[in-house]
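Go ahead and model the full structure; you've got the sequences and the hints to work with.
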Amino acid sequence: MQIQWKKLLLSLLIPILVGLLSSFFIRDSITSYMNMQKPPLAPPSFLFPIVWSILYILMGISCYLILTTSSPLRPKALLLYGIQLFLNFLWSPVFFNLQSPFFALIILVLLWSTLFQMLRVFLKISPIAAWLQVPYLIWCTFAAYLNLGILLLN
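Under UniProt numbering, the residue at position 69 of the sequence shown is numbered 69, and the numbers go up by one with no gaps.
Careful, some of the hints might be misleading.
What the hints assert, rightly or not - Computed Cβ-Cβ distance ranges for the label pairs, DEER-style: (1) Pro43 x Gln4: 31 to 37 Å; (2) Ile106 x Arg27: 22 to 28 Å; (3) Phe86 x Ile57: 16 to 22 Å; (4) Leu153 x Val18: 24 to 30 Å; (5) Leu98 x Val18: 24 to 30 Å; (6) Ala144 x Trp5: 18 to 24 Å.
Stated by the list, open to error - Derived pair list, reagent style DSSO-like, types lysine-lysine, alpha-carbon separation capped at 27 Å: (7) Lys7 x Lys76; (8) Lys76 x Lys124; (9) Lys6 x Lys76; (10) Lys124 x Lys6; (11) Lys7 x Lys124.
No wet-lab data here; the hints were simulated from the structure. These figures come from a predicted structure and were not determined experimentally. Every residue gets a Cβ at the ideal spot worked out from N, C-alpha and C, and that includes glycine.
Take a look at the structure:
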């Protein structure tokens, strides 16, 4: 299989831009996180951009693998991918700017559910694409734990 460079670059660029845009919107509100009581296992703040950068790259590669198939499930997979990416974007401003861990947790539950559905469809199309999403699913599960902990502690 020959790499389709434009599709690969676009597939990588979209989640990275979503992450950068989300970071831009919350840049003035991130200090509120520092002042919150956090549950055990809460990682240091510097770790979040590193983890998210890796996850966005994995998302992009995974999307590329789906985008370049001729599977009849491709439109459904890409729709779920777009929905989860939107929910991913939405979580940060709700949590940080609106300072609403409750509504952010609802978004995370929707994100997790959509991500799980997407993973199931990806698995039918490309097992590699699905496996590349597993770290993201695990991180979102961990994020839900952190979000719930912050909600209960604050």
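Against the structure, the hints come out as follows:
For the pair Pro43 and Gln4, the beta carbons lie near 36 Å from each other, so the given range of 31 to 37 Å is met. Range check, Ile106 to Arg27: about 24 Å between beta-carbon atoms, so the 22 to 28 Å window is met. Distance hint check for Phe86 and Ile57: the Cβ-Cβ separation is about 19 Å, which falls inside the suggested range of 16 to 22 Å. Here the CB-CB span from Leu153 to Val18 is close to 29 Å, well matched to the stated 24 to 30 Å.
Between Leu98 and Val18 the CB atoms are about 19 Å apart, so this pair departs from the stated range of 24 to 30 Å. A C-beta distance of roughly 36 Å is found between Ala144 and Trp5, which places it outside the suggested range of 18 to 24 Å. Among the hinted pairs, Lys7 with Lys76 is consistent with the structure: their alpha-carbon atoms are about 18 Å apart, no more than 27 Å. A hinted pair counts as satisfied when its Cα atoms are at most 27 Å apart, and Lys76 with Lys124 qualifies at roughly 11 Å.
At roughly 22 Å between alpha-carbon atoms, Lys6 and Lys76 fall within 27 Å of each other, so this suggested pair holds. Restraint check for Lys124 and Lys6: the C-alpha separation of about 25 Å stays at or below 27 Å, so the hint holds. Simply put, Lys7 and Lys124 have alpha-carbon atoms about 21 Å apart, close enough for the 27 Å limit, and the pair holds.
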